[in-house]
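Trainee: First to last, the protein sequences are chains G and C.
First residue of the first sequence: 1, per this note's numbering; consecutive thereafter.
First residue of the second sequence: 1001, per this note's numbering; consecutive thereafter.
Simulated from the structure, these hints should not be mistaken for laboratory data.
Since the structure is predicted, the reported quantities are computational estimates derived from the model, not experimental observations.
Positions of the beta carbon are idealized from the N, C-alpha and C atoms, including for glycine.
Any given hint could turn out to be false.
Computed footprint of chain C on chain G, listed as stretches where at least three residues anywhere in the stretch have a Cβ under 8 Å from a Cβ of chain C [unchecked claim]:
| id | segment |
| --- | --- |
| 1 | 29-35 |
| 2 | 128-139 |
Covered stretches of chain C, as calculated for chain G (at least 3 residues, CB under 8 Å) [stated by the list, open to error]:
| id | segment |
| --- | --- |
| 3 | 1285-1299 |
| 4 | 1335-1346 |
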Amino acid sequence: MDITGIASALYGIPVLGLVFQALGFLIAIIPGNAANIMNQATPLALAALCGVFCERSGVVNIGIEGTMLAAAFAAWVIGVAVNPLFGNPEPGPVFGITIPLLISLAGAVGVAMLISWLHGWLSISLRADQIIAGTIINIAAFGVTGYLDQLI
Amino acid sequence: MRPGLVVRVWSVIAIPVTVIGLSFLLGAAIVLVSELLVPGKPFDWGLPFVAYGALIEGALGSGDAIVSTLVNTTPLVFGGLAVGFGFRAGLFNIGAQGQFLVGALGAVIVGVWLNEAPPLVAITASTVAGVVAGGLWGFVPGFLKATAGAHEVVSTIMMNYIAVGLLAALVSGPLKVPRSPSLVTFNVGNAAFPTVIGSNGHLGIVLAILTAVFVWWLLYRTTWGFQVRSVGANPDAARYAGMRPKLITVATMTFSGALAGMAGTSVLLGVTHAMTSGFGTTVGFDSIAVALLARSHPLTTMVAALLFGGMRAGAGLMQIRAEIPVELVDVLQAVILLFLVASPILRRVLRATAPAVVSVGPSEGVAREAVI
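Bound-form chain C, shown alone (with noise of 0.2 Å):
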């Protein structure tokens, strides 16, 4: 028999919902105790509070901080859906910053070209530009460990400096604005998203809940990735039972590259509108923490990213209601990977009901799968 259905949601999100409330927790301990270094203030107890409360309100308080979430979000679920998505063939992504950059590039080169054609035309051929750039910065690793075995840690590790080079070079050369003092490129002009929500909601938003649900139906719903999540979980019994573990290999990077590139493109088309030489710098490891926190599952993605971009969406506030930096949405970020990755004490404490609620990270595909 089933148990009830409450005892099955509890039994999956108790160990995430725990382990955010302790990283909030230990965020205020970390706040009263910087408190003490800054000479010269009084001390306030009450100092955490307000500076979750603006973080709220910086997040959820009017309708224009719920579309900031929003916007902030999107980059993080398509990222967060790219790093998943690797993670479920077993393959770690650790390269989706320089995908996202790479995208964007992509996005930015046709969407400056076609700045003056049709609306209609500009949008697709510039976020087809970002989704295939993306996806041959992801190909490159991918056929590197099928061919030759290269650690698509290391490789991917390493496309992202040379995406970051990249993008230094091009925005500095061939892209910028002539006789510009800053690096900055054109504008893309037509290209880019049209606002659907409030005053800066693009079309990103609508974009990444509609990937999110057409990556659960391919890897839930279609052969295809069915012998994704065999290769992730066994690859010599997927080879055993005729599956392709290395085509699957570099089909899964490229697919999670031209995620990661349609991140870069949504930050591109929908918020900057034009490339600047610091352009994006902590999606892609925001994106690995987002993957992890939603156990690779492409629907409870949306809801992790949706926890990540609320806080970068109130952290502004934050800082000016209670004086404390932005960083500090870094320093959650690290602490909420830090209790995932600790859970089995967890586990042991809270003598969760299910065995293996939480598994984070390529290598135990196949608990996470008993469970989902």
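If we strip away everything but chain G, and leave its shape as in the complex, we get (with noise of 0.2 Å):
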């Protein structure tokens, strides 16, 4: 029995045959899209390690979306601002990264981390609900991203 043979089988299993189909599709298209899939990746497993982190410290982190979105804001309105001083430079030998590049990943890191220091202060020197801290932050990025997005 070759394989197709096993395969059409497996397919013909009533429910579980959908699952195998999904798989099958997956497989076939993971080698054209192993860059697309490791740019999707990447966000949810540096924010699974930013959860892992506070879980562990005791801190339940329900921010992290807001965080993310300030953070992402902040990249970008330094990458604009900065970009211009050094005369739009072409991406450098290592990954492409330019001076621009650096300055706004190091100020949307430090932004991350000011907000994170907010989460901090609110639920371990002031016990506030854990939760609700992080519904503020998510909260508050929203609005304040969105308010500086309609201003700028």
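Relying on the hints, combine the two individually framed chains into one complex.
Mentor: Structural data, given as structure tokens:
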């Protein structure tokens, strides 16, 4: 029995057949989309690491979404502001890194750290409810980025 | 001896009033600072006054403005009641957003189906459908918490994502008007709430007031409400007293979901009359803010919802008059919550008379009970 025979036999199973079809589809598209998949997975992996750190320290971080939003906005603002100062440089030799990219990356990480510090201050120093503190960060990030985006 | 009425009222409202005042001051500072960011315009010290004047005028300035405030308040009352009721039982229903969407979805499905039926039948049936759909969406996290111990915050957030996906799938697929270029469902026709005040003040306003009083009665005048509050204060003691915390958890989440579903129903049947793919984006999170500001009490929920609803109603005029983005309202909301959470510091400064006047969050249910 060749491989196609097995495959068609598997696909014939009523409900599991759908699962096997989905798996087969995924396996078929992975080689062509490896870069795309990595791109999609990177923010998820980093944010999940953030969640792991917070959970391990005993702080529930609901505000990851807002932190990411604010950091992304900061990266955009700093990038737009800094890039002309360096005369729109060519991509660098290593991974295409340029000085403005590094600056906006550092700025975004700094903003995210400030927000997380706020979360920590609320939930550890003030002993507020951790979930409420995270929700506040989400609402605040949504509001502030929307406000500045409209303004600028 | 009980202290005088003025002292007692002040001891309850001191922190919220101070918090709101401080938040608006900080909002004014944000407006002034953001003036510096926009190049090419002269700096104007009076801009915060113009902005807040327009905000108040847009919320209260005319009959239409007041009706608009009430319309904006209605879903926040239902949502605030939903989140606050969860707080009372020690549950953080962060999934009000999802239950809101699914409730609206249930209402639109039945409303479109019955759009030719007599109004009384159509309205009743689609409202019930919305409430049941929201209740179902709240039941699942409650059931998971009671049986498997799944944390309700995580499961309700996940249910939010499912609701968003379900809405997108249904509005772009089976419910869409055939051959329509935009993603929109049919109109609910006869199932729309009738207008009771002004040009667009719909039946949901009345229902919101009635529901708030009903929830108050339920919480403070019935055995079930007492059980809910007991479980929120101390589940172990409640179990020792012969109550069944797991059953109460499931029932509370279902009821909370039904209230949030009613919020979605009121928006759909009262305002939009049809579902679009961008339906009701922030009501769920606003409801959490309302419930926190109202300290989960059903009657103060109406006041807090009125504040936030008025801000939403007046934001448009503020944007026109002062050229300040409506998102300032979101910022103000977040700042109000921030100050509320940081109120231990405020309390120390104010030397408020009663201990634990403001407490936020489900974990402090006991302190809250002692004051109210």
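Trainee: State for each hint whether it applies.
Mentor: For each hint, the structure was consulted:
For the segment 29-35 of chain G, the assignment as covered by chain C is violated, since 0 residues bring a beta-carbon within under 8 Å of that chain's beta-carbons and 3 are needed. Judged by the Cβ-Cβ criterion of 8 Å, the segment 128-139 of chain G is covered by chain C as claimed, because 9 of its residues qualify and three suffice. Note: the segment 1285-1299 of chain C has 4 residues with beta-carbon separation from chain G under 8 Å; the three-residue rule is met and the coverage holds. Counting residues of the segment 1335-1346 of chain C whose CB falls under 8 Å from any CB of chain G gives 7; the rule of at least 3 is met.
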